[in-house]
Amino acid sequence: MATSELSCQVSEENCERREAFWAEWKDLTLSTRPEEGCSLHEEDTQRHETYHRQGQCQALVQCSPWLVMRMGILGRGLQEYQLPYQRVLPLPIFT
Amino acid sequence: MPVPEVSWFRDGQVISTSTLPGVQISFSDGRARLTIPAVTKANSGQYSLRATNGSGQATSTAELLVTAELALNHVIIWINVLNASKYLGYLNTHQSPGSILAVIGQMSWAQGRSGMFGSESHRWFWNLSPDCLKIAPETAPPNFVQRLQSMTVRQGSQVRLQVKVTGIPTPVVKFYRDGAEIQSSLDFQISQEGDLYSLLIAEAYPEDSGTYSVNATNSVGRATSTAELLVQ
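Read top to bottom, the protein sequences are chains F and V. Quick note on my numbering: the first sequence kicks off at 17 and runs consecutively. Quick note on my numbering: the second sequence kicks off at 3 and runs consecutively.
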């Protein structure tokens with residue numbers, strides 16, 4: 017399965033102040049999850065109906081120098097996190 | 003109806019406490035929950051929940067992907083099967099802050115929420131959709147909140163070159179003069195206080211003049227700030 021990685025570069029030069037700045041980072045990773053990982057199968061034996069669905073989905077993870085992280089499934093919206101993520105331990109996972 | 007019997011599978015094999023030590027499985031009010039108290043890379047796989055009753059069966063499969071060999075506190079997959087096994091035909095997703103809710107068909111549904119978990123030293127984000135689970139480490143490339151600044155000083159004075167660097171994991175920060183790394187010594191003292199890094203030149207001489215740079219590197223990126231020091 018193909019994984020795409022996008023990186024970012026910033027290059028600045030302040031000639032007047034004789035200062036320079038340069039940065040490079042892995043910004044975005046898009047990975048394809050196999051179809052079997054995203055499937056649904058149902059059978060209604062009384063009505064003789066079955067349903068099966070499977071499809072690839074793309075997981076997206078993005079990080080940035082400004083301490084913001086975004087992730088989610090492509091096409092279904094992203095969740096944004098301000099880092100470092102603050103939550104008191106022990107963590108309630110489903111609340 | 004009647005309430006279905008539910009069973010969990012991993013890669014097609016029935017899950018029990020002998021095949022998956024520490025696993026907690028519960029099913030009440032139509033809510034089936036599988037908890038792995040501390041996941042490792044070996045727990046990655048296809049997890050399925052099968053709900054069966056007299057009129058049929060329904061299976062929902064999700065992938066658990068653990069991307070590093072780390073003990074994590076909890077991973078929970080939960081799927082509501084109260085009204086499963088009826089009519090299907092469309093997938094609809096709704097979004098609300100911090101959660102993803104998917105309505106599959108008319109009567110069965112699955113819900114997942116985004117969030118974060120981890121140990122004291124590592125934090126992990128998870129994002130659960132009804133059929134896809136993704137876990138990634140909390141990372142941020144190095145950033146210079148405060149960059150190096152060029153300066154002109156008199157011979158014999160004390161000079162402090164200072165930067166403020168953020169990043170997760172904590173970046174490795176190194177000082178250079180004209181491209182050569184500076185080793186901390188009594189005359190060129192490098193110190194760190196939180197995210198503040200400084201190079202203290204006890205007594206500056208004209209030969210200390212030059213281009214100073216600071217490089218910050220971690221697993222997701224690197225950054226360099228450069229400035230000039232002129233000692234008159």
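No lab work stands behind these hints, which were simulated from the structure alone. Fair warning: this is a prediction, and the values are worked out from it, not measured in the lab. Fair warning: there could be bad hints in the mix.
What the hints assert, rightly or not - If you want a taste of the chain F side facing chain V, the calculated C-beta under 8 Å gives, among others:
1) CYS31
2) LYS42
3) GLN62
4) SER80
Claimed, not checked - Just the calculated beta-carbon pair ranges, DEER-fashion:
5) V:SER186 / F:ALA18: 20 to 28 Å
6) F:GLN25 / V:TYR207: 34 to 42 Å
7) V:ASP13 / F:HIS68: 15 to 23 Å
8) F:CYS24 / V:GLY196: 25 to 33 Å
9) V:GLN160 / F:GLN98: 32 to 40 Å
10) F:LEU22 / V:MET153: 32 to 40 Å
Beta carbons: idealized from backbone N, C-alpha and C, even for Gly.
ask   = Can you give the numbers of the hints that this structure goes against, from lowest to highest?
value = Violated hints (numbers, rising): 1 and 5; every other hint is consistent with the structure.
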